[in-house]
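The lines below spell out each chain.
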Amino acid sequence: MSREFNDATKQELERICSRYPKREAALLPALRLLEREFGCVDEEGMVHVARLLGVSPAKVFGVFTFYTHYKRPEDRKYVIEHCSTVPCALRGSEAVHDHLKKTIQPDDPITLKKVECLASCDTAPCLQVNGDFVDYVTPEMGDRMVASMRAGTWKAPTPIYKLPATKYPPVLLKHVLEPGSETLEHYQRRGGYETWLKVYDGKRNPDEIIEEVFKSGLRGRGGAGFPTGQKWKFLAKNDKPRYLVINADESEPGTFKDKMLIDKDPHALIEGILISGYAIKAKCSYIYIRGEFVTGAQILQKAVDEAEAAGLLKGFPITVHRGAGAYICGEETGLLSSLEGNRGYPKIKPPFPAVEGLFRSPTIVNNVETIMSVVHILKNGVEWFRKMGTEKSPGMKIFSVCGHVERPGNYEIPLSVPLKEVIYDLAGGIRGGKNLKAVIPGGLSAPILTAAEVLADPPLRMDFDALAAAKTMLGSGGIIVIDDETCIVDTLWNTLRFYHHESCGQCTPCREGTGWIEKMAAKMEQGRGRDDEIMKIDEVAWSMVGRTICVLADAAALPARSMVTKFKAEFEAHCAAGKCPYKHGSVDLTPAKVLIHG
Amino acid sequence: MANIKLNGKDIEVDGKDKLLKICLDQGAFVPHYCWHPGLQPAGNCRMCLVKVSNSKKLEVSCMYPVADKLEVTTEGPEIDAGRKAVLEFLLINHPLDCPICDKAGECDLQDYTYKYRQGVSRFEEDKNIRHTKDLGPNIRIWGNRCIVCTRCVRFCEEVSGTGELCVISRGDRSVVDVFPGIPIDNPLSLNVVDICPVGALIDKNFMYAARVWFTKRTESVCASCSRGCNIDFTVLDNDIKRLQPRPNADVNQYWMCDEGRLNTAYVGSDRRLIKATGAPREIAEAGRRMTLAGVISAYSTIEEMYLFMKVMEALKAGPIGVLALTRGQQQKFPGGFTIEADRTPNRAYAAKLFGEEALVSGVTSVVQELQAGTVEGVLIMNGIPDAALPADLVEAARKAKFVAACDILLNPLAEFSHVVIPGTTWAEKDGTFMNVDGRVQRIRKAVESPVTARPETQWLQEILVALQARPAAVSVEGVFREAMPELDYGKVGHLGVSTNGRHS
Chain P
640 MSREFNDATK
650 QELERICSRY
660 PKREAALLPA
670 LRLLEREFGC
680 VDEEGMVHVA
690 RLLGVSPAKV
700 FGVFTFYTHY
710 KRPEDRKYVI
720 EHCSTVPCAL
730 RGSEAVHDHL
740 KKTIQPDDPI
750 TLKKVECLAS
760 CDTAPCLQVN
770 GDFVDYVTPE
780 MGDRMVASMR
790 AGTWKAPTPI
800 YKLPATKYPP
810 VLLKHVLEPG
820 SETLEHYQRR
830 GGYETWLKVY
840 DGKRNPDEII
850 EEVFKSGLRG
860 RGGAGFPTGQ
870 KWKFLAKNDK
880 PRYLVINADE
890 SEPGTFKDKM
900 LIDKDPHALI
910 EGILISGYAI
920 KAKCSYIYIR
930 GEFVTGAQIL
940 QKAVDEAEAA
950 GLLKGFPITV
960 HRGAGAYICG
970 EETGLLSSLE
980 GNRGYPKIKP
990 PFPAVEGLFR
1000 SPTIVNNVET
1010 IMSVVHILKN
1020 GVEWFRKMGT
1030 EKSPGMKIFS
1040 VCGHVERPGN
1050 YEIPLSVPLK
1060 EVIYDLAGGI
1070 RGGKNLKAVI
1080 PGGLSAPILT
1090 AAEVLADPPL
1100 RMDFDALAAA
1110 KTMLGSGGII
1120 VIDDETCIVD
1130 TLWNTLRFYH
1140 HESCGQCTPC
1150 REGTGWIEKM
1160 AAKMEQGRGR
1170 DDEIMKIDEV
1180 AWSMVGRTIC
1190 VLADAAALPA
1200 RSMVTKFKAE
1210 FEAHCAAGKC
1220 PYKHGSVDLT
1230 PAKVLIHG
Chain F
8 MANIKLNGKD
18 IEVDGKDKLL
28 KICLDQGAFV
38 PHYCWHPGLQ
48 PAGNCRMCLV
58 KVSNSKKLEV
68 SCMYPVADKL
78 EVTTEGPEID
88 AGRKAVLEFL
98 LINHPLDCPI
108 CDKAGECDLQ
118 DYTYKYRQGV
128 SRFEEDKNIR
138 HTKDLGPNIR
148 IWGNRCIVCT
158 RCVRFCEEVS
168 GTGELCVISR
178 GDRSVVDVFP
188 GIPIDNPLSL
198 NVVDICPVGA
208 LIDKNFMYAA
218 RVWFTKRTES
228 VCASCSRGCN
238 IDFTVLDNDI
248 KRLQPRPNAD
258 VNQYWMCDEG
268 RLNTAYVGSD
278 RRLIKATGAP
288 REIAEAGRRM
298 TLAGVISAYS
308 TIEEMYLFMK
318 VMEALKAGPI
328 GVLALTRGQQ
338 QKFPGGFTIE
348 ADRTPNRAYA
358 AKLFGEEALV
368 SGVTSVVQEL
378 QAGTVEGVLI
388 MNGIPDAALP
398 ADLVEAARKA
408 KFVAACDILL
418 NPLAEFSHVV
428 IPGTTWAEKD
438 GTFMNVDGRV
448 QRIRKAVESP
458 VTARPETQWL
468 QEILVALQAR
478 PAAVSVEGVF
488 REAMPELDYG
498 KVGHLGVSTN
508 GRHS
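Going down the list, the protein sequences come from chains P and F.
The opening residue of the first sequence carries number 640 in my numbering; numbering runs sequentially from there.
The opening residue of the second sequence carries number 8 in my numbering; numbering runs sequentially from there.
Keeping only pairs whose Cα atoms sit at most 27 angstroms apart, straight-line, the calculated DSSO-like set for lysine-lysine is:
id : chain 1 : residue 1 : chain 2 : residue 2
1  : P       : 876       : F       : 25
2  : P       : 879       : F       : 25
3  : F       : 63        : P       : 988
4  : P       : 1175      : F       : 91
5  : P       : 879       : F       : 23
6  : P       : 988       : F       : 25
7  : P       : 1110      : F       : 58
8  : F       : 64        : P       : 1175
9  : P       : 1175      : F       : 134
10 : P       : 988       : F       : 28
11 : F       : 76        : P       : 872
12 : P       : 1031      : F       : 64
13 : F       : 91        : P       : 988
14 : F       : 64        : F       : 76
15 : F       : 63        : P       : 872
16 : P       : 740       : P       : 752
17 : F       : 23        : P       : 872
18 : F       : 76        : P       : 988
19 : F       : 452       : F       : 498
20 : P       : 988       : F       : 64
21 : P       : 661       : F       : 339
22 : F       : 12        : P       : 988
Beyond 10 angstroms from chain P on every Cβ pair, some chain F residues (computed):
id : residue
23 : 21
24 : 115
25 : 118
26 : 244
27 : 265
28 : 452
29 : 479
30 : 491
Just so you know, the hints here were simulated from the structure itself, not pulled from any lab data.
As the structure is a computational prediction, the values presented were derived from the model and not from experiment.
Don't be surprised by glycine CBs; every beta carbon is placed ideally from N, CA and C.
Excised from the complex, chain P in its bound form (with noise of 0.2 angstroms):
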């Protein structure tokens, strides 16, 4: 049957389209729309599209396939999508997976998907039903939800949001517990949008304000760390129109903290959004939130909707543009590219984003968290920004602490506390008692740290400089803990499961090299590979450092070869024992003894 959009849904779709300088950047947008009329993205749908668009179908086709996070018309009426990722398989997502897949049978409403990580490490197990939430999973609960879902009474739990209390006061988390902290009567209640409107009504120089932020030296909150007043000050100068991109697409396994912001302290991101826009003469900003938090961009969109009622974006557009599941999009290059309405593909650089990047405009791409602090350097000062941290690494920031500690959770603290006092003074150190094998302090991509390196003394710092003299980095600040049950072969095959299924597949050293390792790693992990082959995996990877378009190679490579080096007595056991000796055999589904397997 052929598919056409009813009237309403067509002016939708035309007024989504006013808001980009280029129609076919209403591509994902215009699929989300698909999936809400019809329930899936089919054939027919894409087709549609492509027309009211004026793409070629093959266009819409090579788009839709590359994203994992629409709906196909073989989605049956509950769609679980389950975490597999590291930090939820080291808190037992695997023997929960097993067993909902053994419970469900053919014949019932329900799909299960395995996916990559969904920015909820702090609650894992967990995984989606239908876009909702679900955390710390057990087989108890898998039995009672597909028992709803088949009765059809499922109906998604209350999302649950926990905030370690610590001796560090936090700034961006502080209200995140307040009932109704999402909504603007509660956020002017504490201030909110005071500071926005002193730099508009002041009408305060916009270089200023770029100055300041560049003085405070601000680093990016995302993952690359690089100061964010010296990337606004990159800006070309020409006639071009200028846009300011928030990265709401945390997809970086271990980090969960722009999740809680968004969800629960969405006007602080707008009020960001708006002095840096300022700042940066923007014509407009795009939020790109990931497809997963789905309930995100609802509380986002409902916040902007309320800012702009009330009159506080002062004609400055904000879209909130929703992505579709993949990790790449993450990456500011590959956000462009989506955004743009095409495949996350990874742009060369140079250009660089601030000279050439959105619709080939100067653009500048932020991360929440990073913009979210531009407020407080604002309202509190560069010096008070500057006392937190180091003089290269200042101010605050939000770790994600998860794995096997008693308290996983966001912990916002200044720069530079010692990686040791995270995990067993704010953090609970390991959990049932166990003992620390290793860290990974930066999301998946930072090369993993050994429990002496962590517990060293003088102590491993978590800023920017110290990781990177350890030779791993502080990323995204995703810290995740690993103790010695835990076997780092399976780690390693799960690290880069990820990284082969998030490889945009555009360059040849990426493409190809994370399917390799990813091959090797699994032969290794099941008692197939041989000694020689350890430090095969070793000079693959670093022959693919250095050749790629972005540094997602850079991410599934230097990691593997910091587990391979470090943990090579692992591998020659795997190797000689000719299994894993963790083994997984029947699934044992005590805590303690769940370990990752495939």
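Use these hints to put chain F onto chain P, whose structure you have.
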């Protein structure tokens, strides 16, 4: 303009060009797959890595901007290591299909691998499997061979403007595909097979037809319309296996259309006119006895038309009509490539030599005069393979006292003509055409004609010699120099020469 150093040599370059183009123009060897001079660059294959003085790592030259005082190196151990690594990655999932792959012998993956890698792979895992299927009526893809360079996708977006191709999926599952049910079927589709660096995209018309290292290449131009796209013949055992475009910025950029590319069957067809009757000399004798009219076609070469005119002049014969063939409208594609409505290769010269009238109403005049009896005989030289002779011309000729007919394919005239001379196709002779822009371009003999008669330029001169209109026959080039005194074959060269400054 910018001053840079390339492999130690100082050169001045256009600041707008990217490094790869500069390196290639300067003759420096830089292997590459995804870059193509006729398409926007993509930078994804990573093969064109070079060392630049303003970056710590190797950079892809295809998209790297020129800067004043930049130093570029295209050779050396670090670069070799980079190229080796990229090749290793390309080869791990690439099937060892060479023995059954049509691209073998003209494959950049084979060639660069030969240059940079050893014969052993250290990949021991299972290879990926991707689809093998027809993408369109003329094109089949072996997905396992695809290196996702996106040249074909970019071609359909930028040059043909039809957008039928896309890359699907992600990572090492990526492969080129079409929308389900919408095959690649545009007038320029087979160009994607030419530009595929490996044997992923295959021309179904050339599939398994020949091993290219046994074949002979000959430069020529296409004769299927008045654009005169520059081409190469691929010939094996005197059989035309395929045509491919040759680059010419002033004519066809890098492309040719499918119709012209595939229009070769008539050359080896069993409908060829082979049997001769009588001798060309009889035309001279008839011409002395009676008034002859003349009909030639716009498929004939400059040399043939010139000699035909000379014969008509020597015999004081006339009128002259020129057969042409127009079909549809001129088709201009977004990338600038054009297919002309005029489906013969030499109409421009015919108009110049015989006058536009001869093209528009010449044949009608011939028919009328034959019917009226004011002209008693006719020499008809047709070459257009796809057009039947006009019925009224055949009927009028039937009643004439003398008919001489020359054609490529069997036609009704052959049954009753007094002299029948088998004609040669454009693939079987040397000569020149003038394209729609007034550009003179060479054709070169690529195959031996199945007919044993001599080519048109020979027997037309034989008539002139018999009429004592010239002392002796000269070579084809000799005829050309008479027809176009300002030029010779050397000036025409491999890319032709404009006679009026116009180009596409």
